[in-house]
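Chains X and Y, in that order, give the protein sequences.
Every number in the numbering used here is 2 more than the matching position in the first sequence, counting from 1.
Every number in the numbering used here is 1031 more than the matching position in the second sequence, counting from 1.
FYI, nobody ran anything at the bench for these hints, they're computed from the structure.
Only a predicted model underlies this, so the values are computations on that prediction, with no experimental measurement involved.
Incorrect hints may have been included.
[Claimed, not checked] In silico DSS-like cross-links for lysine-lysine, where the CA-CA straight-line distance does not exceed 27 angstroms:
1. K1085/Y / K144/X
2. K64/X / K1045/Y
3. K1310/Y / K64/X
4. K1232/Y / K144/X
5. K77/X / K1232/Y
6. K1232/Y / K1342/Y
7. K243/X / K1070/Y
[Claimed, not checked] Partial chain Y-side listing against chain X, Cβ under 7 angstroms, derived:
8. Y1041
9. S1075
10. E1077
11. L1091
12. Y1094
13. L1283
14. L1284
No residue lacks a Cβ here, since even glycine has one placed at the ideal position from N, Cα and C.
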Amino acid sequence: MAETSNIAQMAEKVSKEIFSEFSWDKVGSIDTNWDCCQKEKHNKTTHPTDIVFRYEDPYEQKYINVNFDLKSYAKGSINATTIRTALESLAMASECTQISEEWQNIYQSKTMNTDIVSSLFVYNHDNSFDRDFDKFLVDATKRDLKLASGNKIFVFSPQKIQYLITIVNDIKVLRGDEILPNKKHYTFYYPTLDKKPTRNPWNSSATIETLFNAWQIIKFKINPENQESNDFGIVIYYSKKGECQEEFQYLIDYLFHYQLISQASKIMVRVANAEKYASTNFENAVNEYKNKFAPEDQTVKKLESIEFESITNIVKTFSEIEIGME
Amino acid sequence: MKKHLESSIYFTEKDIYDALMSSKRTMTIPLIIELARDKGIILSSEEPRGELVKYLSSLLYDYYDLNVLIDHITPAHKKEKSKVTKIDTKIEATDLKNIAKEIANENIIIQVNKDPNDANKTTLKVEYDEIDFSKTRLRQKVRKESIIEITEENGKSTISKASNDKVDEIMQKILEKVEIKNNTKIEEKKINLSAFEHKQKIQYFTSLIGNIDSCKLDDVVKVTVNYDEDNPEAEEDVINLITNASFKGKGLLSTPEYQELKEKGFYITSIIWNAIETKTNGDKLEFEASLSSNSNIEEVSFAVKGIYRFKEKDQYTSTKRSLKPEEATKYTNILETAAFKVYDEIEKQEE
């Protein structure tokens, strides 16, 4: 059973080296086949689940369970049709996760409401950053996928995975250098939306949507030893290239809108895929803002203090395991 | 005076929700699903539209996402048409740069750039604010950007620009300043059909639709015809008078209704048609050419209205999508080239 063990190995790596840093917990068993509950409609006897992660919703009292289908391939070995097939199969499995007692017994909390989403994780193990992938995905979804109502599938592309590996690595480095405190003193940041505050302001996992956003924000305590201190800093991981000034102006707008510029004592912007002029574009965006305030205004000093850094895109051979697309 | 705005342009979840909810016609379920897919999230087409909108607006939008969104919720008919003119003068990019500086003010920013891929092309990026308070917030504060493209060939220049008063005014000022600088009178040649007879006007539009490079005419989807009483070709015995009529449908130019009006002396003032790219798995584009009268000029303006994406053989997306910026530039150029070519041919016949 070579492939089974490949999936299990891959699942362990994905868990340890990526999602645990986003405060996701692995739940239930790895690499499981469970009974299909709509055998006639799906024309299948079982559905596979490679690994399931769970995190708490930052706003509502519920868990989100993420049902994963893991793939790992070499460049050139997949195309739109294989992605389509994988998505069709996952769409059916996803529909059954919502109603399968067996699946829910293995993976679901008995005490708290749970939303279930599915994920196709497509790792490119020869690190050739398959740029054709996005085009394949477009072609694979041109015809409606017939995903049942209430289901969502998140597609982790090779580039997305590479980005996540890069920021996970950077978080570890910042922790090692004591720029970020111990894990229990930082959190993923969620703004108060429409008067709806986050439930655990100092203990929020990254939501799956956050990982698909253009930026992710970590909020950390500056004086973790001092219980009284509310002093905090933020690290913004930015996934776009920084090709124009306007994109950073919009990011700064976001920070202003949620009062992070005025409230955070330390602000770091870390760009994983920066292009040549990213830092210049950032500087120009900051200057554009500074002009809106009197020179002696505190805001100007705050804007000037933002640390902008391009982080090395870690090309780390995460795994050489091959998990084919049937 | 220094402003004390905390946030100037950030769009909240609610802004995005309002804009999406109020754009039912353009923000169709297939388009919402496509936008989410481009973020890597696959949603169910069986979900009610309201639920999909709620989810889509809960996601974070960056600058690029937002531009795509604004583009999609701007109704196609509001999209600017373009005009193309020719002058017998070469305008130096450095002169343009200096002139732009003279014209720019607090509200107008003009940026002059040479195209790195085409030495003959200079672009003027004109930025100005346009505010419409009758709209939801997302549509209200639109910083308008308009590109004027000047392409030089053998000492002559082709000017392609948006068909709006603001941009016309700016271009007019630029040409006046070039006249002073070069001490020559510049004659701007427009696609002006005012000297054409009715049948030539009809010929102009019907030839144009079949003359788009690298595309094959698919069908005419809308045609507007006009009738003017002073026309000597017009029948004299008309008492009850239609002066203007629009037709939508299929194979319009072959319908007996259109033919009858044409016989009676009506001429085309606007035409919308589809053409399919001749390349393999090509998309279907929608073009528009329309005549607008202004004092003594009947100038034609143009628009690439959208694109129906190829799905499988003879099948395209059911709703019209916005073009990517590079596609819009490419097809506007192709359309405008055809526009002048057909115009020159009809002018030659006259001589």
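Structure-inconsistent hints, enumerated in ascending order = 3, 4, 5, 6, 13, 14
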